[in-house]
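Chemist: Sequence:
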Amino acid sequence: MSSADTSAARPAWSWRQASVPLAVVGAVVGLVIVGWISTPEFVTYRNFQSIVRSAALIGIIAVTMTGITMAGSFFSLSVSQTAAMAAIGFAAFMSWGWPVWAAVLVTFLIAATAGAVQGGAVALGGNPIVVTLAVGAVLFGMGAWLTDNKTVRTGTDAADWIGTSRPLGVPTQTWAFVLITVIAATVLARTRFGRELTLVGANRLAAAASGLRPGKITVYVFTVSSLGAALAGIFTASQFGQGRLDQFDGADIDSIAAILVGGAAIQG
Numbered sequence: 001m002s003s004a005d006t007s008a009a010r011p012a013w014s015w016r017q018a019s020v021p022l023a024v025v026g027a028v029v030g031l032v033i034v035g036w037i038s039t040p041e042f043v044t045y046r047n048f049q050s051i052v053r054s055a056a057l058i059g060i061i062a063v064t065m066t067g068i069t070m071a072g073s074f075f076s077l078s079v080s081q082t083a084a085m086a087a088i089g090f091a092a093f094m095s096w097g098w099p100v101w102a103a104v105l106v107t108f109l110i111a112a113t114a115g116a117v118q119g120g121a122v123a124l125g126g127n128p129i130v131v132t133l134a135v136g137a138v139l140f141g142m143g144a145w146l147t148d149n150k151t152v153r154t155g156t157d158a159a160d161w162i163g164t165s166r167p168l169g170v171p172t173q174t175w176a177f178v179l180i181t182v183i184a185a186t187v188l189a190r191t192r193f194g195r196e197l198t199l200v201g202a203n204r205l206a207a208a209a210s211g212l213r214p215g216k217i218t219v220y221v222f223t224v225s226s227l228g229a230a231l232a233g234i235f236t237a238s239q240f241g242q243g244r245l246d247q248f249d250g251a252d253i254d255s256i257a258a259i260l261v262g263g264a265a266i267q268g
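For the record, in the sequence shown the residue sitting at position 55 is 55 according to the numbering used here, with numbers rising by one throughout.
Hint data in this document are derived by calculation from the structure and do not stem from the laboratory. All C-beta atoms in this analysis are idealised placements derived from N, C-alpha and C, irrespective of residue type, glycine included. Watch out, some of these pointers could steer you wrong.
[Unchecked claim] What follows is a list of derived Cβ distance ranges for each label pair:
#: 1; residue 1: S38; residue 2: S210; range: 53 to 59 Å
#: 2; residue 1: A209; residue 2: A185; range: 24 to 30 Å
#: 3; residue 1: A144; residue 2: G262; range: 31 to 37 Å
#: 4; residue 1: D249; residue 2: V178; range: 24 to 30 Å
#: 5; residue 1: D246; residue 2: D160; range: 19 to 25 Å
#: 6; residue 1: T186; residue 2: W145; range: 38 to 44 Å
#: 7; residue 1: A185; residue 2: G141; range: 45 to 51 Å
#: 8; residue 1: G126; residue 2: A206; range: 19 to 25 Å
#: 9; residue 1: L168; residue 2: A257; range: 28 to 34 Å
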């Protein structure tokens, strides 16, 4: 192909690449207009903060789950239960009088363990959908048994600042989402791990033949995903002062939709 042909083809390619984000922006603007017309109070600063805070939680789960998709392991269908169990665990730890840092640390450790177990099972050949569904069911059952299907309250306001503070007028959840997104983008684009992750997702056999360890990377991405879900759970428990099993119903589907809309290929 001549340089002239290449130059002529480039604008069309660029337009196709830009069409998806433009369509998303257009859809969001359309929804805002419809919400404003149907409910005048929809376009208010307070409601905007509430929407941004809720969207940030899904964003955190989606960004931290993206590594699973990029590694060719589809998705994790246990993030809803992981986040709910993190909220319940954090609330319980706070109600027992634990310091905030200890409650956060132990919650993260438990979530990381659950993620590593799932990653290990997938690395050994388990179907990621089946594995994560099974772990999600186990977590839900454990939560129902431990709480007797009741709400677990923190019983203190010591950790409220985590979920309710607004530095510079922006919810903490939103700042966390932005920071995690920047870190994830930097890791994927500028680090060796990001390149290895991309190669594993593109061709696992070729990655293994080149000396990489796909199983190790799989464990890493599942662990990171569980940590992201745990962070969302901690934010929610500290914001509302309680943890419940149904606090994150549908979060897995919402986060998967966010990943796909964001342009990640479903098979790596």
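Chemist: Against this structure, judge whether each hint is valid.
Modeler: These are the hints, each one checked on the structure:
1. S38 with S210: 53 to 59 Å: holds (55 Å)
2. A209 with A185: 24 to 30 Å: holds (28 Å)
3. A144 with G262: 31 to 37 Å: For A144 and G262 the Cβ distance comes to about 33 Å; the hint holds.
4. D249 with V178: 24 to 30 Å: Roughly 26 Å apart at Cβ, these two residues keep to the hinted range, so it holds.
5. D246 with D160: 19 to 25 Å: Since D246 and D160 have Cβ atoms about 21 Å apart, the given range 19 to 25 Å holds.
6. T186 with W145: 38 to 44 Å: Cβ of T186 to Cβ of W145: about 41 Å, so the range 38 to 44 Å holds.
7. A185 with G141: 45 to 51 Å: For A185 and G141 the Cβ distance comes to about 36 Å; the hint is violated.
8. G126 with A206: 19 to 25 Å: Between G126 and A206, where Cβ atoms are some 21 Å apart, the hint holds.
9. L168 with A257: 28 to 34 Å: With a Cβ separation near 29 Å, L168 and A257 satisfy 28 to 34 Å, so the hint holds.
Figure legend: structure checked against the earlier numbered hints; the only hint not met is number 7.
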